[in-house]
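Can you build the whole structure from these sequences, using the hints too?
Here are the chains, one letter per residue:
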Amino acid sequence: MPRETAAISVGADDVAIAIARHAKEAGASIELIRNGSWGASWLEPLVEVAIDDKRIAYGNVEAIDIPELFASGFLSGGEHTKRIGPTVEIPYLINQDRWTFWRCGLIDPLSIDDFRAHHGFKALEKALDVGAQTVIDAVKDSGLRGRGGAGFPTGIKWQTVADVQSDQKYIACNADEGDSGTFSDRILMEGDPLGLIESMAIAGFAVGADHGYIYLRSEYPLTHRILSRAIEVARDNGWLGDDIQGSGFNFDIELHLGAGSYVCGEETAMLESLEGKPGIVRYKPPLPAFEGLFGQPTVVNNVVTLASVANIVNIGSDKYASYGVDQSKGTLAFQLAGNIKRGGLVEKAFGITLREVIEDWGGGTASGRPVKAVQVGGPLGAYLPAEQLDTPLTYEAFIEIDAMVGHGGIVVFDDTADMAQQARFAMEFCAIESCGKCTPCRIGSTRGVEVIDKILANENKDENFDLLVELCDTMEDASLCAMGGMTPYPVRSVLKHFAKDFSSAGSADA
Amino acid sequence: MTATAYDERAASEIIARFDARGDMLVQILQAFVERFAWISEDAVRQLANELNLSRAEVHGVVSYYHDFRTTPPGKHIVKICQAEACQAMGSRELSAHAEKSLGIAMSTSNADITLEPVYCLGNCACSPAVMVDGKTFGRVSQQRFDDIVASSGDAN
Numbered sequence: 001m002p003r004e005t006a007a008i009s010v011g012a013d014d015v016a017i018a019i020a021r022h023a024k025e026a027g028a029s030i031e032l033i034r035n036g037s038w039g040a041s042w043l044e045p046l047v048e049v050a051i052d053d054k055r056i057a058y059g060n061v062e063a064i065d066i067p068e069l070f071a072s073g074f075l076s077g078g079e080h081t082k083r084i085g086p087t088v089e090i091p092y093l094i095n096q097d098r099w100t101f102w103r104c105g106l107i108d109p110l111s112i113d114d115f116r117a118h119h120g121f122k123a124l125e126k127a128l129d130v131g132a133q134t135v136i137d138a139v140k141d142s143g144l145r146g147r148g149g150a151g152f153p154t155g156i157k158w159q160t161v162a163d164v165q166s167d168q169k170y171i172a173c174n175a176d177e178g179d180s181g182t183f184s185d186r187i188l189m190e191g192d193p194l195g196l197i198e199s200m201a202i203a204g205f206a207v208g209a210d211h212g213y214i215y216l217r218s219e220y221p222l223t224h225r226i227l228s229r230a231i232e233v234a235r236d237n238g239w240l241g242d243d244i245q246g247s248g249f250n251f252d253i254e255l256h257l258g259a260g261s262y263v264c265g266e267e268t269a270m271l272e273s274l275e276g277k278p279g280i281v282r283y284k285p286p287l288p289a290f291e292g293l294f295g296q297p298t299v300v301n302n303v304v305t306l307a308s309v310a311n312i313v314n315i316g317s318d319k320y321a322s323y324g325v326d327q328s329k330g331t332l333a334f335q336l337a338g339n340i341k342r343g344g345l346v347e348k349a350f351g352i353t354l355r356e357v358i359e360d361w362g363g364g365t366a367s368g369r370p371v372k373a374v375q376v377g378g379p380l381g382a383y384l385p386a387e388q389l390d391t392p393l394t395y396e397a398f399i400e401i402d403a404m405v406g407h408g409g410i411v412v413f414d415d416t417a418d419m420a421q422q423a424r425f426a427m428e429f430c431a432i433e434s435c436g437k438c439t440p441c442r443i444g445s446t447r448g449v450e451v452i453d454k455i456l457a458n459e460n461k462d463e464n465f466d467l468l469v470e471l472c473d474t475m476e477d478a479s480l481c482a483m484g485g486m487t488p489y490p491v492r493s494v495l496k497h498f499a500k501d502f503s504s505a506g507s508a509d510a
Numbered sequence: 511m512t513a514t515a516y517d518e519r520a521a522s523e524i525i526a527r528f529d530a531r532g533d534m535l536v537q538i539l540q541a542f543v544e545r546f547a548w549i550s551e552d553a554v555r556q557l558a559n560e561l562n563l564s565r566a567e568v569h570g571v572v573s574y575y576h577d578f579r580t581t582p583p584g585k586h587i588v589k590i591c592q593a594e595a596c597q598a599m600g601s602r603e604l605s606a607h608a609e610k611s612l613g614i615a616m617s618t619s620n621a622d623i624t625l626e627p628v629y630c631l632g633n634c635a636c637s638p639a640v641m642v643d644g645k646t647f648g649r650v651s652q653q654r655f656d657d658i659v660a661s662s663g664d665a666n
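Chains A and B are the protein sequences, given in the same order. For the first sequence, my numbering begins at 1 and goes up steadily by one. For the second sequence, my numbering begins at 511 and goes up steadily by one.
No wet-lab data here; the hints were simulated from the structure. Do not rely on the hints blindly, as some may be mistaken.
A partial selection of chain A residues facing chain B, derived with a Cβ cut-off under 7 Å [what the hints assert, rightly or not]: (1) Ser41; (2) Ser180; (3) Gly181; (4) Phe183; (5) Ser218; (6) Glu219; (7) Pro221; (8) Pro278; (9) Gly338; (10) Gly344; (11) Val411; (12) Cys472.
Glycine included, each C-beta is placed from N, C-alpha and C at the ideal position.
So this is what it looks like as structure tokens:
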């Protein structure tokens, strides 16, 4: 029974309480384990009954189903309309390439024994054994790129920090997963927090850092509780702190909370926030690899990027790099969200098409209506029309169509969506969340909303369209970071693919 | 989350827990919000004193982040996700319904309830999502919204 935000948001805690109560009444002896989520959020609350080595899944279980489930012999895997069958046979899960998320759902996230029984800390042991440079080389050879959105080669970043001479270096894990349509960091931190801790320690060892920070967004209170506990568990068992397992290597992690600022997901704004300041973006250069947290060399990596490392060390960089295509190596955790029948997390090698993910896994829209637009890569990603669904999900293919894979978030809209409103929202969101340091973003976004409002009110339409395009150019060319620099992406994509929605004067026309 | 009266001693204890480190200001403010629900002028003054920062510096941080409200919230805080995935599942309609059924406009409070937007709760596969007093709810229909709000009222 998952203890995970999505599962609990649709009643998992109530179901857990009901199961415990009924088991007690029935005199049945059960052990109730709160695992992470497998990521098949559409099946939540998903209850698994483990009988010997086999796990039988029941999906969309509600508390009111429990008496009936008990009557159907649920504790021995009995038949019921909510019974799905063995978890290992669920197509949604078995057809994935689960490398980074393989322990999510499988283990009790806070049990060190369960973690150890599933290769936990094996990669750290191996890293300590083979030495720092060998680890960095493996990360380089794996082709791993930043999964937070920017896609920068991780190995090169690590090498840079390793090569800088400094008495103090840091690992800063970016867990400020603010993009709408993304939740893979959260699922990983709730389902396999020790896996993240292990990978952070590997990163620290590789570059010579003894201190790590996790910057977690405050919108994830449950994640905060799980992660805090996992850090304690790791410390209590000698996997964090001084002289880890007698190796002489010291590494500890401090967990920090964000405070509701989207732009703090930008690496330099995050560093400012970690220093206790307003999350205002820094100029680059200097890069954080040279002057990062408190002016010291810092590896800034997203949660999934870091968490991928332990697996790369375990299976070898060749194996990892054998997945994916071109310069998009390995797997990405795609996140199906919005108007989708079977939303959730799908870890798959790069190269699968958007259509395959949306149709084969997602089962189309939740409303059953045709797909009108898909936003990939968060609020700064382009809106793609249905005609572009056959684009393969790779960094390269998406750049070619003026879009980005980003963090792998896929938000689906059906044909009732008013794309002019979505373009307006992109500007509005930028106005709300801009840190205010650079003018194109701070002022441009507000002007953007105004211009779109004028277009929707049929005021000097042609002139205002030109003005909007010019404004997009300015924001794109002259903003300090991706917030202002990429807000034009969704706006331009609407102008390009859904211009008709601007002529209906703001009313949603299906 | 009921606003409790500001208490200088309790505030000092929180600050001490973070070793009165200026670089922990965001973390200290989060702890203040957990304890007092909002950041008062008194809090800003005390933080500046004990962290050896100027009031302007503390004010700069407080005013930058959405989480640090400078007026007392209602007894319950209701946040409705307004980001894209939830928009695709009718969060605009849900927000309009909430304003009507609660009788207050978005981003305002009465003694009972604070209603505000939030941009992504990370529950995008179960949209639309709502957070009430720090608890996340998914697949929130208008009916379910009313039920959730009604039961959170009972809890107090």
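Hint-by-hint comparison with the structure:
no. : hint   : verdict
1   : Ser41  : holds, 4 Å
2   : Ser180 : holds, 3 Å
3   : Gly181 : holds, 5 Å
4   : Phe183 : holds, 4 Å
5   : Ser218 : holds, 6 Å
6   : Glu219 : holds, 5 Å
7   : Pro221 : holds, 5 Å
8   : Pro278 : holds, 4 Å
9   : Gly338 : holds, 3 Å
10  : Gly344 : holds, 5 Å
11  : Val411 : holds, 5 Å
12  : Cys472 : violated, 19 Å
Going through the hint list in order, the structure does not satisfy hint 12, though it satisfies all others.
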